[in-house]
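Asker: Residues per chain, in single letters:
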Amino acid sequence: MVKSKFGQLIIHILLLICSAAMVIPFMYMVATALTQDTYVMPYPPILIPKSLYLGNFIEAWNANNFERYFLNSLFLAITNTILSLFISTLSAYGFARFNFPGKNLIFNIYLFTMMVPGVLNIVAQYTVINGMHLVDTYTGLLLLYVGGGIAGNTFFLKGFFEQIPRELEESIIIDGGSRWTIYRHIILPLSKPALATFAIFAFSGTWDEFFTALTLIKTPIKRTLPIAIRMFQGQFATKWGLVFAASLIAVIPIILIFIIFQKYFIRGGIQEGALKG
Amino acid sequence: MLSQSILENKSKNNKKNSHFKQKFKEWFEVLPFIGLGLVLLSVFVVYPQIKNIYMAFTNYNIMPGQPSEFVGFANFMRAFHSEKFWLAFRNTVLYGVVTVPGQMAIGLIVAVLINNVIKGKNLYKVMIYIPVITSWIVVSLIFKYLFTDGKEGLINYALLKLHLISNPISWLQNTWTANFVIWVLGIWKGIGWVMVIYLAALQGIPNELYEAAEVDGANPVQTFFKIIIPLIKPTTFFILINLIIGAFGVFIQVMMITNGAPLGTTDVLLNYMYNRAFSDFEFGYASAISVIIGIVIMAITLLQKRLLKYDEFNY
Numbered sequence: 001m002v003k004s005k006f007g008q009l010i011i012h013i014l015l016l017i018c019s020a021a022m023v024i025p026f027m028y029m030v031a032t033a034l035t036q037d038t039y040v041m042p043y044p045p046i047l048i049p050k051s052l053y054l055g056n057f058i059e060a061w062n063a064n065n066f067e068r069y070f071l072n073s074l075f076l077a078i079t080n081t082i083l084s085l086f087i088s089t090l091s092a093y094g095f096a097r098f099n100f101p102g103k104n105l106i107f108n109i110y111l112f113t114m115m116v117p118g119v120l121n122i123v124a125q126y127t128v129i130n131g132m133h134l135v136d137t138y139t140g141l142l143l144l145y146v147g148g149g150i151a152g153n154t155f156f157l158k159g160f161f162e163q164i165p166r167e168l169e170e171s172i173i174i175d176g177g178s179r180w181t182i183y184r185h186i187i188l189p190l191s192k193p194a195l196a197t198f199a200i201f202a203f204s205g206t207w208d209e210f211f212t213a214l215t216l217i218k219t220p221i222k223r224t225l226p227i228a229i230r231m232f233q234g235q236f237a238t239k240w241g242l243v244f245a246a247s248l249i250a251v252i253p254i255i256l257i258f259i260i261f262q263k264y265f266i267r268g269g270i271q272e273g274a275l276k277g
Numbered sequence: 001m002l003s004q005s006i007l008e009n010k011s012k013n014n015k016k017n018s019h020f021k022q023k024f025k026e027w028f029e030v031l032p033f034i035g036l037g038l039v040l041l042s043v044f045v046v047y048p049q050i051k052n053i054y055m056a057f058t059n060y061n062i063m064p065g066q067p068s069e070f071v072g073f074a075n076f077m078r079a080f081h082s083e084k085f086w087l088a089f090r091n092t093v094l095y096g097v098v099t100v101p102g103q104m105a106i107g108l109i110v111a112v113l114i115n116n117v118i119k120g121k122n123l124y125k126v127m128i129y130i131p132v133i134t135s136w137i138v139v140s141l142i143f144k145y146l147f148t149d150g151k152e153g154l155i156n157y158a159l160l161k162l163h164l165i166s167n168p169i170s171w172l173q174n175t176w177t178a179n180f181v182i183w184v185l186g187i188w189k190g191i192g193w194v195m196v197i198y199l200a201a202l203q204g205i206p207n208e209l210y211e212a213a214e215v216d217g218a219n220p221v222q223t224f225f226k227i228i229i230p231l232i233k234p235t236t237f238f239i240l241i242n243l244i245i246g247a248f249g250v251f252i253q254v255m256m257i258t259n260g261a262p263l264g265t266t267d268v269l270l271n272y273m274y275n276r277a278f279s280d281f282e283f284g285y286a287s288a289i290s291v292i293i294g295i296v297i298m299a300i301t302l303l304q305k306r307l308l309k310y311d312e313f314n315y
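Heads up: the sequence lines are chains A and B, in that order. Residue numbering for the first sequence follows full-length UniProt numbering, beginning at 1 and increasing consecutively. Residue numbering for the second sequence follows full-length UniProt numbering, beginning at 1 and increasing consecutively.
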């Protein structure tokens with residue numbers, strides 16, 4: 001611990017430099033989005049907006065379908081979070097509390113699939129989805145999201161479930177309750193913090209997901225926000241104000257969630273790798 | 001004698017039967033819980049992983065029902081003889097060599113500073129973590145904008161005003177300046193994550209150790225190298241493995257900022273793979289690239305586990 005006043009001053013200066021390096025690019029984006037577009041970049045560059053011009057946001061939201069893309073992303077993120085939460089908690093409970101032949105082998109296969117990043121499977125996954133005639137559908141997209149997340153999610157949740165004392169479950173069994181009763185009335189309520197972390201990461205992971213959506217979705221109206229932003233930038237290469245307004249529509253919800261649920265993010269950060277499907 | 005052995009056999013059979021019944025019962029009980037996950041994982045992860053290896057040895061035909069010609073190692077040979085492949089390979093490795101130590105060093109310093117600061121701890125933490133939670137698409141766009149050619153870009157503007165350069169730099173037009181932008185983005189976005197993981201480890205170091213070091217007359221630099229660094233070694237391994245694997249996943253920022261330009265000299269493996277599959281429709285060749293990347297990642301992970309005894313460490 002550096003306790004001297006001088007030491008603290010130095011630390012604050014260093015941390016301020018670092019924070020500035022992190023925040024200035026965002027200020028630059030926000031200021032540009034709040035400035036009326038003129039097809040030329042503002043000179044000198046602006047970091048503090050001179051006005052609160054919202055025209056870019058309105059144009060992106062209304063005229064360029066970002067309302068629709070926002071709803072698409074929201075639908076996919078919520079659906080994937082619920083489905084993953086349901087399937088992965090069941091799966092993790094099965095591995096945490098049951099004994100069955102081949103359990104270790106199967107769990108090791110789960111772990112093995114996590115050794116290579118999911119993006120590497122995209123080519124083969126595309127052929128599988130293509131064979132099922134599910135290209136350009138949300139069903140296909142969700143199957144890949146949910147399926148791709150299972151191994152990591154099971155691994156993450158199993159750890160939490162195993163920490164729950166078994167004595168609690170014994171009381172249910174004595175009362176004649178089934179495994180389902182235990183799952184619903186002991187396991188789920190007692191792992192609420194873990195489930196909250198899980199939900200936040202599943203939601204933000206799907207919200208920002210890029211490659212699977214880029215690969216599967218063809219119809220413009222079905223695009224999600226990240227895809228729409230990429231296409232948008234190609235289309236309006238020099239209209240940075242409009243492009244950044246569109247980007248902010250995608251970024252602001254995640255930053256809000258982060259600020260509200262900060263403690264879950266910071267704690268969950270450790271498992272981040274395991275949860276990104 | 002005979003009847004006895006028959007009896008014995010019978011009871012053995014019975015035991016076997018009940019054993020099987022028991023096993024079957026166990027599966028029957030657990031299946032409702034793990035079944036759905038097992039099916040989804042098998043169909044959409046395990047099967048594609050195996051299929052990917054098969055595809056790498058064929059001239060894969062995407063039309064359903066059409067046969068795919070088996071071509072042996074031709075796809076791999078083509079990759080090893082392709083200049084573009086080696087450029088992408090070089091850039092991926094360089095990305096790791098530059099950004100992994102960069103993120104770790106800065107992340108650790110920031111974590112130590114935050115651990116020592118008395119006021120404003122949380123505010124600094126939040127500000128430094130924001131890039132981590134922002135989508136790669138958006139931060140890539142921001143960096144493209146920051147490093148715009150001409151005097152209007154913020155970076156060129158600042159460098160010109162500070163008289164560090166006399167003419168604006170065309171950042172994204174040249175191989176090494178463009179790679180530099182990609183590296184800076186990689187480091188910038190990763191610092192917050194490293195910081196958070198290191199902070200958790202630093203908070204686990206008991207205060208008495210710092211006090212003892214102070215009593216023994218150690219200065220902050222000595223404390224850092226002689227106490228902090230050795231104590232957080234397991235965390236360092238954990239971060240290292242994660243970041244190296246992450247570095248092989250470098251993709252979105254390259255696709256968004258340069259897409260390999262100029263002439264594939266800033267391309268990286270995943271972007272190269274993706275474009276072969278979905279721009280050129282060479283699925284077999286793309287699968288071979290994917291298999292090569294997978295093998296490299298696995299080799300690195302196993303090597304690190306051996307060398308660093310990572311197994312002893314559980315987060």
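Hints listed in this document are in silico derivations from the structure and should not be mistaken for laboratory results. A virtual CB, placed ideally from N, CA and C, is assigned to each residue, including glycine. It is possible that some hints are incorrect.
[What the hints assert, rightly or not] Here are the computed lysine-lysine pairs in the DSSO-like style, where the Cα-Cα straight-line distance is at most 27 Å:
1. B:51 to A:103
2. A:239 to B:151
3. A:103 to B:23
4. B:121 to A:3
5. B:51 to B:121
6. B:84 to B:51
[To be verified] Computed footprint of chain B on chain A; a stretch qualifies when at least three of its residues, placed anywhere within it, have a C-beta under 8 Å from a C-beta of chain B:
7. 27-37
8. 49-59
9. 72-82
10. 97-110
11. 113-126
12. 141-154
[What the hints assert, rightly or not] Calculated Cβ distances over 10 Å to all of chain A for the following chain B residues:
13. 29
14. 33
15. 51
16. 76
17. 153
Asker: State the violated hints by number, sorted upward, taking the hints as numbered earlier in the document.
Answerer: 5, 8, 9, 13, 14, 15 and 17
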